[in-house]
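Produce the complete structure using the sequences and hints provided.
Residue numbers (the numbering used here), protein chains in the order written: chain A, 1 to 363; chain B, 1 to 363; chain C, 1 to 363; chain D, 1 to 363.
Note that these hints are calculated values from the structure, not bench results.
One or more hints might be untrue.
Copies of one chain are not kept apart here, so a pair can be met inside one copy or by any two copies together.
In silico SDA-like links for lysine to any residue, alpha-carbon gap of 20 Å or less [what the hints assert, rightly or not]: (1) Lys73 x His110; (2) Lys252 x Arg161; (3) Lys199 x Thr55; (4) Lys146 x Thr35; (5) Lys252 x Gly159; (6) Lys73 x His33; (7) Lys73 x Ala201.
There are 4 protein chains.
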Amino acid sequence: MNTWGRAFRVTTWGESHGPAVGAVIDGCPAGLHITREDIQKELDRRRPGQSSIATSRTERDIARVCSGIYEEKTLGTPISIIIRNEDVDSRAYEELRQLPRPGHADFTYHAKYGWRDHRGGGRASARETAARVAAGAIAKKLLLLKHIQVLGHVIEIHGIRSKFVFENPEDLLQAEMSLVRCCDTAASDEMIACIDRVKKAGNSVGGIAEIVAFNVPKGVGDPVFNKLDCELAQALMSIGAVKGVELGEGFKSARLTGIEMNDPFTVDSGRIETKTNKAGGILGGISTGSPIICRVAVKPTPSIRMRQSTVNLESLEEVNLSISGRHDPCILPRIVPVAEAMVALVLADLMITGGFFHPSRLT
Amino acid sequence: MNTWGRAFRVTTWGESHGPAVGAVIDGCPAGLHITREDIQKELDRRRPGQSSIATSRTERDIARVCSGIYEEKTLGTPISIIIRNEDVDSRAYEELRQLPRPGHADFTYHAKYGWRDHRGGGRASARETAARVAAGAIAKKLLLLKHIQVLGHVIEIHGIRSKFVFENPEDLLQAEMSLVRCCDTAASDEMIACIDRVKKAGNSVGGIAEIVAFNVPKGVGDPVFNKLDCELAQALMSIGAVKGVELGEGFKSARLTGIEMNDPFTVDSGRIETKTNKAGGILGGISTGSPIICRVAVKPTPSIRMRQSTVNLESLEEVNLSISGRHDPCILPRIVPVAEAMVALVLADLMITGGFFHPSRLT
Amino acid sequence: MNTWGRAFRVTTWGESHGPAVGAVIDGCPAGLHITREDIQKELDRRRPGQSSIATSRTERDIARVCSGIYEEKTLGTPISIIIRNEDVDSRAYEELRQLPRPGHADFTYHAKYGWRDHRGGGRASARETAARVAAGAIAKKLLLLKHIQVLGHVIEIHGIRSKFVFENPEDLLQAEMSLVRCCDTAASDEMIACIDRVKKAGNSVGGIAEIVAFNVPKGVGDPVFNKLDCELAQALMSIGAVKGVELGEGFKSARLTGIEMNDPFTVDSGRIETKTNKAGGILGGISTGSPIICRVAVKPTPSIRMRQSTVNLESLEEVNLSISGRHDPCILPRIVPVAEAMVALVLADLMITGGFFHPSRLT
Amino acid sequence: MNTWGRAFRVTTWGESHGPAVGAVIDGCPAGLHITREDIQKELDRRRPGQSSIATSRTERDIARVCSGIYEEKTLGTPISIIIRNEDVDSRAYEELRQLPRPGHADFTYHAKYGWRDHRGGGRASARETAARVAAGAIAKKLLLLKHIQVLGHVIEIHGIRSKFVFENPEDLLQAEMSLVRCCDTAASDEMIACIDRVKKAGNSVGGIAEIVAFNVPKGVGDPVFNKLDCELAQALMSIGAVKGVELGEGFKSARLTGIEMNDPFTVDSGRIETKTNKAGGILGGISTGSPIICRVAVKPTPSIRMRQSTVNLESLEEVNLSISGRHDPCILPRIVPVAEAMVALVLADLMITGGFFHPSRLT
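So this is what it looks like as structure tokens:
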């Protein structure tokens, strides 16, 4: 399905080399102030062609709002956003019509649908995430009404780790200064050098990003199958190159003992809270009031110039392949705004189903 | 929501110390041969009270089928399964009515619902998973018609790692010989010793389990928001103590390069397949035909005898707490059949929505 | 699917001659006071064997609550209700294993599922509605918090029309005094005589019931596909013998002109309301604040003693059939509480999704 | 919600006087041949401005397909269709900003959302149905693969009844020759004269349309809450002016006896079928193999020139209103293609969930 959510629903559509991609956002309460710039700002963060270490495909990614907003306020009706595909160059893909690229969805789409739009990965292209980011921009605006901020940063690329420790939202905003969205300047430089190196070698690298949601009130999440953490896991895993998701201490918790992992309760200014936040802000699938902390493992971009073997879908002949298109040697920095969008969508949805926002109107 | 799935839907209900727990399975095609033993066999694998390193709560967990099966064949109508709660001892919980246990859902349920059934964790108890295992038994029986087997084993407890390498389903069946469901005998012994040690200390430990689905055909998974991997991530993360989920190389993929991570295609007996399976059997959210490999990180059981601090929900006084009930010092081995059930449910659901099974009848 | 609703969800299960029927109600906010009597009272209204003009199958229909309610208050978790099938006599059905009864679902269930539980209509039996009535009892209790009452009465049986005009909820409560739930005493007597006559002839009759929801606030209903009227139409049409549904003036509106059909607006005590209520309390799929008025056309019970022709599913031979079991010659009076339950479920669901009730807790 | 369906899902968006309206169709199997003309043909049947008895708003309603179709074949990915709003004249509506029109959704949208796009009815405008018709065109094309045809005709306007009796699809195609889509030429003329008369008087009229689906195989429909008839009732009732829906004998069945209403079974060419079709092709919510026959009651257009009273939403003053815009004095003929589209969508959806079409690909 191409629709996500129960109360704040997003439907995305569009192929990489078709006329456009877009999103329909249904269930945003009426009365939210939204300008085109609110959406554009987020799209610009994801947009390709912005640095030497990203793809050279240049898309302006202009968001056009076709419904649901009138006089800069949401109507409670579906918000349709359309983003034209501009810098499309399909010639390079003609030879790929019958050649599934390793690590890509070509082979499995062929298996599932019988045929596919092979140009630029078609529907499976990362371009689809532009629509998610546009939808996420609206979710972020809604969450801001409750002072919730969703911010991401890169904490590891090809084994190079950020030593940055954040305390508040402002800290994480620094990520935007780094080409790789890493707040640790030294690590950032090292990461950029590493990416440059693999790019020249015609190879690619992966890494880990961390997304934090600040000021989420306690009580968000619908047990037992729509827990906040399972919704986050699903939403984040739905992003193309993500191979792992963890909350709080995540995989590290497997090595801790109970007394090390449990967050004891205490009282601060008359409110119960946890002394530590190893749980990542979630217990029993419901938010505790502490920051929500999740991490995604992103695999290296599968499109590489280095020679790989594949098989012609028709002739069944094994052939060598060297992918020459315009690709990000490390997609992770551009995944950060996408992952933020998904976290924002999860929160908006669960906060409406959970009664934190009125489902129809804000006033 | 307490319902999971689109075509093969499972609704679970029940509190730990209420009269019963149960599941309604809706959407199983008619004509599937099911006996009470098929269900009981799986429940027995999850059942408490089976070894020195597990909780001493003894439940027979007898499955009673109240609908949907007639003359040992499914009718295509909802299958209602009821499991009575027998060995319930609620006295120990009276003092916990106002004391949220660290690492448990007590505090967040209170925040969300205003009050709760505090006895044994109520709805948030691991007892709820009995219902999932019963439902999973039906999914497994359905999958067997296509020779699909879903098998799990423990690969790490508190840092002790299994060195076991599996090649086929039979290999993993050995896990059932080990008290901790670990196929590596030496590691298994070490794990058991470790659990015994922490149990005596009134502490607990976590670990990692791996679940493998063999013989899943290519083409299973519904992009873009119901990809096989996002469904698995959601389903597995919905299990109580799980803090992380990964597919294939998972978090390790963050350190690999493209050429190391991509699985090249080749032809074997006239069929296209991948030479390696670093993707864990999924590309673009759709199965490749290789085994589906996923891992879950499970935190240490939060119920420990060691002293922890908490806060009285009414008086807001900070108090010390030592949890004395009957608990598993390491819940991981008992999570294996639950995780298998969830993977089986995901596959059954996506294989029906994907046209691999007729949605109404098998004959 | 056997699940209904988005926020207040009901899953029913059970076959007529299986061990039990039941419902799982998921999404009822925590803190609602519910006793077993609240549920039993509604079940008793639907229960068979209560009068000379109803079936002689006697079921006590005892509701057993297995989860979701603790100390007489809802927990916000699924409420599982089980009703045992007691007075089951399957012998009469053995000869019907291969003989689809005209007007029943036997033939179509066979077509869809390949086989079926033929005893008493199996899943398609009106017995399934007991589960709906139990669920509806909880919805009604919830609605009462907002002073909403859902009341039904019979307005026509086999052409005999009630002349009763209601003004307030109390008026409609009189329906319970009549064996056929008709508030017009003279018409009620005539209807009873008519039913007696067709019963003796081995035939059956249908009729029309009207369901009214009082005190529904304005603003309930989710355009464009979950309008209050389309939800009502779906919910009411899902009841076995219903062949038509109308709102307000309904089919009569097809003969009116605009000036006759439109309800002009006026102001009463500072509130805008309509002067008339030809719309039946709904405009654009959203409630106006006037009573919601809907009607269902119910066909004559298909089980009749009179000779009908059918075909043996295996031999394909045409045979004559005379159905001898215990059946209601007019099912309409017993459909009234079922239809009320469905209307209550629709309202509970749309009022939660619409923000009229907090989705998790009442306090 | 603005999304309809489970397997063949349609999301519509757009306000009457916004930039465009549109639909996203998700779940159409890959490989269906679709041209822009297939869609345009149906839009042209619904398009305004085509006769003296319809509104003079002229819209070309050009469908632009932005995704999901490549080389004239569906991809199995979402199909995004956009229809620009061209002949928009919002001036007439400025004075209606605070004046809810009787019989329209203005008042209830205001109640639900707090504010609204008042121009042309905004989201509640009949213009939204253009998106449904576009989606329905794709459903119709899919159904044609199984020789299913969905055809509608007008059978009554303001009490004037068609005497036309159809036997096969070709008969109903004649409806397109009549300005009011009535197959009975004499009745058609009378209806047109009637509409002309009320138009001159500044009034409007309603009527009844019948939609028939031919060649639907037996076995379509998902009990108990997604029965074919409840899905049809919901889908048809979701169309603006519809106030009643009936299947087969519908409300008339309330006056029949069992022996008159039941359709006896017989064998024809080795296949079991019913001798008559009073059920309208549905038993127990599942298709019998006979034509599906449903009827909708449509109220008179609420926009009339005759003087009506309403209330200013801000000042609460009662004022007189005479609506001068461009409106259809009888919307029924233009509702026929919309109702056909809804029936086609229901069938496409239930035939995919029911296994009659492969959910992902046609070849």
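So, going through the hints one by one against the coordinates:
{"no.": "1", "hint": "Lys73 x His110", "verdict": "between (42 Å within a copy, 14 Å between copies)"}
{"no.": "2", "hint": "Lys252 x Arg161", "verdict": "both (16 Å within a copy, 14 Å between copies)"}
{"no.": "3", "hint": "Lys199 x Thr55", "verdict": "within (11 Å within a copy, 54 Å between copies)"}
{"no.": "4", "hint": "Lys146 x Thr35", "verdict": "within (19 Å within a copy, 38 Å between copies)"}
{"no.": "5", "hint": "Lys252 x Gly159", "verdict": "both (16 Å within a copy, 10 Å between copies)"}
{"no.": "6", "hint": "Lys73 x His33", "verdict": "within (5 Å within a copy, 40 Å between copies)"}
{"no.": "7", "hint": "Lys73 x Ala201", "verdict": "neither (49 Å within a copy, 39 Å between copies)"}
When the structure is compared with the earlier hints, a violation turns up for hint 7 alone.
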